[in-house]
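Protein chains: 2
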Amino acid sequence: MFLRALEWKGRSLRFLDQTRLPREEVYVETEDYRDVVEAIKRLRIRGAPLIGVAAAYGLCLGAFEGLKSEDFFSFLEQVDHELRSTRPTAVNLFWALDRMRIVWSVRNVSEDWEEVVDRLVAEAKAIDAENALTSERIACFGATLFEDGDRVLTHCNTGPLACGGWGTALGAILWAVHKEGKRITVYADETRPLFQGARLTAFELLKSNIPVTLVCDNMAGFLMSQGHITKVIVGADRIAMNGDVANKIGTYTVAVLAHHHGIPFYVAAPLSTVDPEAQTGADIPIEERDAQEVTTVGGVPIAPPGITVRNPAFDVTPSSLVHALVTEEGIVYPPFEEKLKILKKKRRGGHGSIC
Amino acid sequence: MFLRALEWKGRSLRFLDQTRLPREEVYVETEDYRDVVEAIKRLRIRGAPLIGVAAAYGLCLGAFEGLKSEDFFSFLEQVDHELRSTRPTAVNLFWALDRMRIVWSVRNVSEDWEEVVDRLVAEAKAIDAENALTSERIACFGATLFEDGDRVLTHCNTGPLACGGWGTALGAILWAVHKEGKRITVYADETRPLFQGARLTAFELLKSNIPVTLVCDNMAGFLMSQGHITKVIVGADRIAMNGDVANKIGTYTVAVLAHHHGIPFYVAAPLSTVDPEAQTGADIPIEERDAQEVTTVGGVPIAPPGITVRNPAFDVTPSSLVHALVTEEGIVYPPFEEKLKILKKKRRGGHGSIC
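Line by line, the protein sequences give chains F and P.
Residue 43 in the working numbering sits at position 43 of the first sequence; the count goes up by one each step and never skips.
In short: position in the second sequence from 1, add 1000, done, that's the working numbering.
Since the hints were derived computationally from the structure, they do not count as laboratory data.
Please note that the accuracy of each hint is not assured.
[To be verified] Each pair of labels, with its calculated beta carbon distance range:
1) P:Gly1298 x F:Asp290: 17 to 23 Å
2) F:Asp32 x P:Tyr1027: 19 to 25 Å
3) P:Arg1151 x F:Asp290: 39 to 45 Å
4) P:Lys1207 x F:Gly149: 46 to 52 Å
5) P:Glu1025 x F:Pro334: 52 to 58 Å
6) P:Arg1151 x F:Pro301: 21 to 27 Å
[To be verified] Counterexamples of contact, computed for chain P against chain F with all Cβ distances above 12 Å:
7) Glu1070
8) Asp1217
9) Arg1310
10) Gly1330
What you are looking at is a predicted structure, and each value in this text was computed from that prediction instead of being measured.
Idealized CB from N, CA, C, for every residue including glycine.
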């Protein structure tokens, strides 16, 4: 039913180049971790959960290459560093690489390099599988927030392409429609500058036969003022312990608009997105990307040469504007801080499929 | 200093094709009113005040052609109808054509067709000249709202290209900088779908040596949350008697954001933009434009084929979110209704240059 964004092929990683969608479905298969680094940087692989899985497999590719190097562990250190340097905001990247690091860098690690590689591949597969189950749980829980007839606005892309499995915010909509038979209409923000909403969310919803209307980001307020939106759901790239949410640029604007119109604003994300090091949104680094993403579209310039540009890739929505967080452990309502602490401490893994 | 958006050449109209900016400065000179109709529809000529002036000259071109027809006045009726059908929201179009209509259609109009044409040309020139003076007064009054060091967000394009003369909202900024020596930094929303902010506002400000930073529409909230914006000023396409403002899609979102952050939100527009027939914003028709404006950029598709799209060209900002209206008669503060009534009744025309 869904495009497979990422697939481990034993010694190589096959991934869909999401920058080419929806015009072309181009798959890249590579044994070189540098291609994974480049793909994450260029958003060929994107979506916070998927970035985590891709980084884990990227480290595996690096490990295979490291077997041929003089110092396997120094090589892995370098690979880890390059993968961590791709994108600063989505914490799932660091979370996945931290899990991988436990396999290869803690004391008493095996000196049998081949064995370490096997363990790394096993761990990456575990992260991948867990991610799919996690997104299934998020989708299932999130679906309960919707009623028959809802008209839901979403921003950016949070479906199977972004997460593998069902997806997070979009996964909840897909589940509500396909598993629960609710009739839901989706309004998809196009999501400038890279049009993930127009290119990917619209594409996934069309493929899923869910009614979807594409709008420019600046039309969401108009739609709300006209009563066209009943709920908003988005994903997250990093969540602070107080419930502040970093997500794709424009999310904060949507949250303010929802607040102004009394429309519930939900965030769906795995607990791996919650960063115990970030007490509030102010602790979350915001990636600033290249000006060219704003000044050109598909190679066509839309601004005068030499113009100064701001291009923050994310913004922070304060927890006061968030009605609920949908996680794989259930729906969390404000105040978030104590509940997130408990959930983060809870032993993770081992969930079977539910619902 | 500024590009000339429109110029009457005696028997023809020369205009800048604004859809080609900033890449190319292409001027079109035509004797055919149908080219003016097409240019307004396609936004080659755009900006509420400029549309009014263009329609007046368009009617003159039609009148010249009408001299060759069997029924001059029926022909003018047809030309008037076609010009009125170009765009529904900007009221300056109807205001200008109403003024022209007084010249050609009231009782006891001369049966000397040539004389009527002369009078029409004179009236169009008067509208043009008055428009320039009006925009000068708006710019001058609006400039008083700014202080040295202000960082001003604007949406869409409201400078010389949109208005002739100084412009309205952007005119106030230009005046504050160039006539009053205030240091002002401008943040320009790109203004999807047609990028008037990126293509035109950024271009005009660069030409004027005013520091300008281009952002996507969905970044305005982030900028405000970070304290980067001290004031917002925009133009208007139609203002209801209660002060509700129809302006380029996305304006309402900016107004809600400004309100949420306690940032003053100003609207600058000529009194011809105030529609005595519209009691509130609900009485203002909102133009819905072609889906292709959203789904393609410069011919490049950015969404899957067959996607459903909403493309309202305008939205309505309720007067409760407007801190002041800048008009050619001065700055109007809320409550607006009584003051707008008085200003609309006041005898107009005959203003000399001020400030």
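Checked hints:
{"no.": "1", "hint": "P:Gly1298 x F:Asp290: 17 to 23 Å", "in the structure": "19 Å, holds"}
{"no.": "2", "hint": "F:Asp32 x P:Tyr1027: 19 to 25 Å", "in the structure": "53 Å, violated"}
{"no.": "3", "hint": "P:Arg1151 x F:Asp290: 39 to 45 Å", "in the structure": "23 Å, violated"}
{"no.": "4", "hint": "P:Lys1207 x F:Gly149: 46 to 52 Å", "in the structure": "51 Å, holds"}
{"no.": "5", "hint": "P:Glu1025 x F:Pro334: 52 to 58 Å", "in the structure": "54 Å, holds"}
{"no.": "6", "hint": "P:Arg1151 x F:Pro301: 21 to 27 Å", "in the structure": "26 Å, holds"}
{"no.": "7", "hint": "Glu1070", "in the structure": "47 Å, holds"}
{"no.": "8", "hint": "Asp1217", "in the structure": "4 Å, violated"}
{"no.": "9", "hint": "Arg1310", "in the structure": "5 Å, violated"}
{"no.": "10", "hint": "Gly1330", "in the structure": "29 Å, holds"}
Violated hints for the displayed structure, listed by number in ascending order: 2, 3, 8, 9.
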